[in-house]
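Take the sequences, apply the hints, and build the full model.
Chains A and B, in that order, give the protein sequences.
Going by full-length UniProt numbering, the residue at position 140 of the first sequence is 140; the numbering climbs one at a time, nothing skipped.
Going by full-length UniProt numbering, the residue at position 167 of the second sequence is 167; the numbering climbs one at a time, nothing skipped.
Simulated from the structure, these hints should not be mistaken for lab results.
Hints are supplied without guarantee of correctness; some may be wrong.
If you anchor each label on the Cβ, the simulated ranges turn out as follows [to be verified]:
{"#": "1", "chain 1": "A", "residue 1": "L286", "chain 2": "B", "residue 2": "G60", "range": "49 to 57 Å"}
{"#": "2", "chain 1": "A", "residue 1": "V297", "chain 2": "B", "residue 2": "L90", "range": "27 to 35 Å"}
{"#": "3", "chain 1": "A", "residue 1": "V290", "chain 2": "B", "residue 2": "P88", "range": "50 to 58 Å"}
{"#": "4", "chain 1": "A", "residue 1": "V290", "chain 2": "B", "residue 2": "L259", "range": "33 to 41 Å"}
{"#": "5", "chain 1": "B", "residue 1": "A80", "chain 2": "A", "residue 2": "E326", "range": "29 to 37 Å"}
{"#": "6", "chain 1": "B", "residue 1": "A181", "chain 2": "A", "residue 2": "V5", "range": "40 to 48 Å"}
{"#": "7", "chain 1": "A", "residue 1": "V297", "chain 2": "B", "residue 2": "P88", "range": "50 to 58 Å"}
{"#": "8", "chain 1": "A", "residue 1": "D203", "chain 2": "B", "residue 2": "Y183", "range": "31 to 39 Å"}
{"#": "9", "chain 1": "B", "residue 1": "E175", "chain 2": "A", "residue 2": "D203", "range": "24 to 32 Å"}
{"#": "10", "chain 1": "A", "residue 1": "I211", "chain 2": "B", "residue 2": "P88", "range": "28 to 36 Å"}
{"#": "11", "chain 1": "B", "residue 1": "L90", "chain 2": "A", "residue 2": "A25", "range": "19 to 27 Å"}
{"#": "12", "chain 1": "A", "residue 1": "T216", "chain 2": "B", "residue 2": "L90", "range": "22 to 30 Å"}
{"#": "13", "chain 1": "B", "residue 1": "V281", "chain 2": "A", "residue 2": "M39", "range": "37 to 45 Å"}
Calculated pairs, DSS-like style, for lysine-lysine (alpha carbon to alpha carbon, straight line, at most 27 Å) [as the list claims (entries may be wrong)]:
{"#": "14", "chain 1": "A", "residue 1": "K325", "chain 2": "A", "residue 2": "K199"}
{"#": "15", "chain 1": "A", "residue 1": "K312", "chain 2": "A", "residue 2": "K325"}
{"#": "16", "chain 1": "A", "residue 1": "K120", "chain 2": "B", "residue 2": "K188"}
{"#": "17", "chain 1": "B", "residue 1": "K282", "chain 2": "A", "residue 2": "K120"}
{"#": "18", "chain 1": "B", "residue 1": "K35", "chain 2": "B", "residue 2": "K188"}
{"#": "19", "chain 1": "A", "residue 1": "K199", "chain 2": "A", "residue 2": "K298"}
{"#": "20", "chain 1": "B", "residue 1": "K35", "chain 2": "A", "residue 2": "K312"}
{"#": "21", "chain 1": "A", "residue 1": "K312", "chain 2": "B", "residue 2": "K188"}
{"#": "22", "chain 1": "A", "residue 1": "K199", "chain 2": "B", "residue 2": "K188"}
Think of the CB as a built atom: it goes at the ideal place given N, C-alpha and C, for glycine as much as any other residue.
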Amino acid sequence: MPAGVFKETYLADMAHLRYPIHWAALVAGLALLLVLPVMLGSYGAGLAVMLMVFFVGTVGLNITTGLAGQISLAQAALMGVGAYTAAYLANAGVSILLAIPAAALAATIAGVVLGLPSFKLKGYYLAMASIAAQAVLEYVFQTIVDPYQGIEINPEAKTLAGIYLGDGAPLYYTVLAITILAVIAAANIGRSSLGRAMKAVRDNDISAEIIGIDVTRTKALAFAIGSFYAGLAGALYALASPSVGWDSFTMETSIDYLAMVLVGGPGRIIWGSLLGALTIRTGWSLLASVFAASAAVKYLVLGGVIAFFVVKEPDGLIGVLRRIKEYLRLWPFSY
Amino acid sequence: MDAGVALMLSLQAAIMGVIYASLALGFNMVYRVSKSINLAHPEIALFAAYVAYIASVRAGIGLIPAILLAAIAGFAIGAAMERLVARPLLGRPPVALIAATLGVFYVLRGASIAVAGPDWSGGSYELPATVYRLGPVALDFSDIVAVAAAGGIVALVVAMHRFTKLGIAMRAVAEDAYGAAAYGLPVKQLTMLSWGLAGASGALAGVALAAKAGVSPGLDAYVLKALAASLLAGLDSVAGIVLGGVILGFVEQFSDYLLGPILPGFGNVAAFLVMLVVLLVKPYGLFGTERIERV
Numbered sequence: 001m002p003a004g005v006f007k008e009t010y011l012a013d014m015a016h017l018r019y020p021i022h023w024a025a026l027v028a029g030l031a032l033l034l035v036l037p038v039m040l041g042s043y044g045a046g047l048a049v050m051l052m053v054f055f056v057g058t059v060g061l062n063i064t065t066g067l068a069g070q071i072s073l074a075q076a077a078l079m080g081v082g083a084y085t086a087a088y089l090a091n092a093g094v095s096i097l098l099a100i101p102a103a104a105l106a107a108t109i110a111g112v113v114l115g116l117p118s119f120k121l122k123g124y125y126l127a128m129a130s131i132a133a134q135a136v137l138e139y140v141f142q143t144i145v146d147p148y149q150g151i152e153i154n155p156e157a158k159t160l161a162g163i164y165l166g167d168g169a170p171l172y173y174t175v176l177a178i179t180i181l182a183v184i185a186a187a188n189i190g191r192s193s194l195g196r197a198m199k200a201v202r203d204n205d206i207s208a209e210i211i212g213i214d215v216t217r218t219k220a221l222a223f224a225i226g227s228f229y230a231g232l233a234g235a236l237y238a239l240a241s242p243s244v245g246w247d248s249f250t251m252e253t254s255i256d257y258l259a260m261v262l263v264g265g266p267g268r269i270i271w272g273s274l275l276g277a278l279t280i281r282t283g284w285s286l287l288a289s290v291f292a293a294s295a296a297v298k299y300l301v302l303g304g305v306i307a308f309f310v311v312k313e314p315d316g317l318i319g320v321l322r323r324i325k326e327y328l329r330l331w332p333f334s335y
Numbered sequence: 001m002d003a004g005v006a007l008m009l010s011l012q013a014a015i016m017g018v019i020y021a022s023l024a025l026g027f028n029m030v031y032r033v034s035k036s037i038n039l040a041h042p043e044i045a046l047f048a049a050y051v052a053y054i055a056s057v058r059a060g061i062g063l064i065p066a067i068l069l070a071a072i073a074g075f076a077i078g079a080a081m082e083r084l085v086a087r088p089l090l091g092r093p094p095v096a097l098i099a100a101t102l103g104v105f106y107v108l109r110g111a112s113i114a115v116a117g118p119d120w121s122g123g124s125y126e127l128p129a130t131v132y133r134l135g136p137v138a139l140d141f142s143d144i145v146a147v148a149a150a151g152g153i154v155a156l157v158v159a160m161h162r163f164t165k166l167g168i169a170m171r172a173v174a175e176d177a178y179g180a181a182a183y184g185l186p187v188k189q190l191t192m193l194s195w196g197l198a199g200a201s202g203a204l205a206g207v208a209l210a211a212k213a214g215v216s217p218g219l220d221a222y223v224l225k226a227l228a229a230s231l232l233a234g235l236d237s238v239a240g241i242v243l244g245g246v247i248l249g250f251v252e253q254f255s256d257y258l259l260g261p262i263l264p265g266f267g268n269v270a271a272f273l274v275m276l277v278v279l280l281v282k283p284y285g286l287f288g289t290e291r292i293e294r295v
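Rendered as structure tokens:
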């Protein structure tokens, strides 16, 4: 084991893939992702698609909450804005590949407008504004957008060059491609000057102001980017489901999103979000199917897990894994 | 709108306003000592409403002992939250505490379902269904009980904060914890007591609310709306909460009556619009102290 790791050029310092093992892992991982629908069958591929949808939403919330330190409880409602925009556009005859970015932009605009009151204020005010935003958007969904709970999406809009994208392997590869692009973008946002500004605002907003960071602008951008990813997740959700209904975008889904960020690893945009989404979603289905748990047990378990991670493991599962890795690296010595 | 309808709406608004004030009290008490919002507060009220319902209606120990039981449960939950969640998070940003109370929100929701059993759709406290009439105005007995209980809680807490030695000590801790410690006040115990009293007031307010609205899983939505009253009054003001609650009650009742025909159920969302407007115009509320931390 060398005494340290030395980078001699700026490019080497900024590289995402630094060691041969990273390249090997990338090739193996991509190959695995490409053959996954064949291995899992159509049911498993459907589960993987929903996991990726929530992964994208969690990445967004991880930028808002993990990087910029602003709690948002409106992620599900903004996802709903994206899903309904995509559904309406698709039913109006717009191709789904155009509807997806439009939906993400609609969610961004909704998020910025509803978050506007809180950007100038300290952290917890965004939590309040987002609670209000979630309630207002839910009301709009229930009374104006979707009064009969469930909007069917025209399957023809999901067909591109004769291939139906709303099902099976084409759906999987479409969602996979968009997810990978979104995640690469998020990783680079986290490393850019904007990402560092967000971290500065999270750690101490007054110091951030003093070193010349525009705190209001940074908070607004963090929330806008989070909303964009929520809208993208909603659009992918609309692509993957035959219909969208407002019961998928309630406050509880928002709390689930927050749980995914806190359990996975706040501030660790990619792996933290992935671990969190994986843990919470499989946790829910395991509790429901294997243990046949009642609603009471589910709430008790999830609530306990959130409180435990915030109090005892603020770095989330990523932090736990890092400690395990460190222990194994030094084994059998303790330091 | 004729005068009779306006009078009736005003009366309902005032009753709901006082109930909102009593529900919002817990948010402010916690905010004063911990500078954070206790998002588990709605579920404390819900849990207490169920405890009182089960003790009085299903177990039949009478309403007054059941309410005492609910208040004790609320106090215990509040104090336990301070010890297990808020104290370990001292020194971390307030956002961490908000996230942790959200976890407690789910835990208490699960506990409410567990306590109520599988048929947790609820019921009522079986108060006598007498209706009092005075001209165009009609009042249920349950309305009177609810408003009396809620008003009593607010008066009690405000009086305690203002006139007792304990209240003055708690205000000192809220104002400046280090200064209070330097004068020999037991800061940790007083903070825990504040959380406990916030829980107890939330529990009693939850029972008062349930007396009017019935025991149901949706009670916590009212408490979330009461957050608007809390914000309107200013998060660190205690006495101002009555005005905040009554304004919220009036906005809700009248907007629901006027806009209801076009937008059904508008009253449910009015509180959240009030919240957004307050954040935009006067984030420290009507009576809150404006600290210089705007960035």
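Hints, verified against the model:
1. A beta carbon spacing of about 40 Å between L286(A) and G60(B) contradicts the range 49 to 57 Å that was offered as a hint.
2. For V297(A) and L90(B), the Cβ-Cβ distance of about 31 Å falls inside the hinted range of 27 to 35 Å, so the restraint holds.
3. Hint check: V290(A) to P88(B), Cβ distance near 32 Å, so the stated range 50 to 58 Å is violated.
4. Taking the beta carbon of each, V290(A) and L259(B) are about 47 Å apart, not inside 33 to 41 Å as hinted.
5. In this structure the supplied range 29 to 37 Å holds for A80(B) paired with E326(A), their Cβ-Cβ distance being about 34 Å.
6. Between A181(B) and V5(A) the Cβ separation comes to about 46 Å, which falls inside the hinted range of 40 to 48 Å.
7. Separation of V297(A) from P88(B) is about 25 Å and departs from the stated range, judged on CB atoms against 50 to 58 Å.
8. In this structure, D203(A) and Y183(B) meet the distance hint of 31 to 39 Å, their C-beta atoms being roughly 33 Å apart.
9. At about 27 Å, the CB distance of E175(B) to D203(A) agrees with the hint of 24 to 32 Å.
10. Taking the beta carbon of each, I211(A) and P88(B) are about 31 Å apart, inside 28 to 36 Å as hinted.
11. Checked against the given bound of 19 to 27 Å, the beta carbons of L90(B) and A25(A), roughly 41 Å apart, lie outside it.
12. Between T216(A) and L90(B) the Cβ separation comes to about 28 Å, which falls inside the hinted range of 22 to 30 Å.
13. A hinted range of 37 to 45 Å is violated for the C-beta pair V281(B) and M39(A), which are about 57 Å apart.
14. Our distance criterion of 27 Å between C-alpha atoms is met by K325(A) and K199(A), whose separation comes to about 25 Å.
15. The straight-line distance between the Cα atoms of K312(A) and K325(A) is roughly 19 Å, inside the 27 Å bound, and the hint therefore holds.
16. The straight-line distance between the Cα atoms of K120(A) and K188(B) is roughly 32 Å, outside the 27 Å bound, and the hint therefore fails.
17. At most 27 Å may separate the alpha-carbon atoms for a hinted pair to count; K282(B) and K120(A) meet this at roughly 12 Å.
18. With a C-alpha separation of about 15 Å, the suggested pair K35(B) and K188(B) falls inside the 27 Å cut-off, and the hint holds.
19. A C-alpha spacing of about 33 Å is found between K199(A) and K298(A), which places the hinted pair above 27 Å, so the restraint is violated.
20. Of the supplied pair hints, the one linking K35(B) and K312(A) holds, its CA atoms being roughly 20 Å apart against a limit of 27 Å.
21. Distance check on the hinted pair: K312(A) and K188(B) sit about 20 Å apart at the alpha-carbon level, within 27 Å; holds.
22. The hinted pair formed by K199(A) and K188(B) fails the criterion: a straight-line CA distance of about 31 Å is larger than 27 Å.
Hints 1, 3, 4, 7, 11, 13, 16, 19 and 22 from the list above are not met by this structure, while the remaining hints are.
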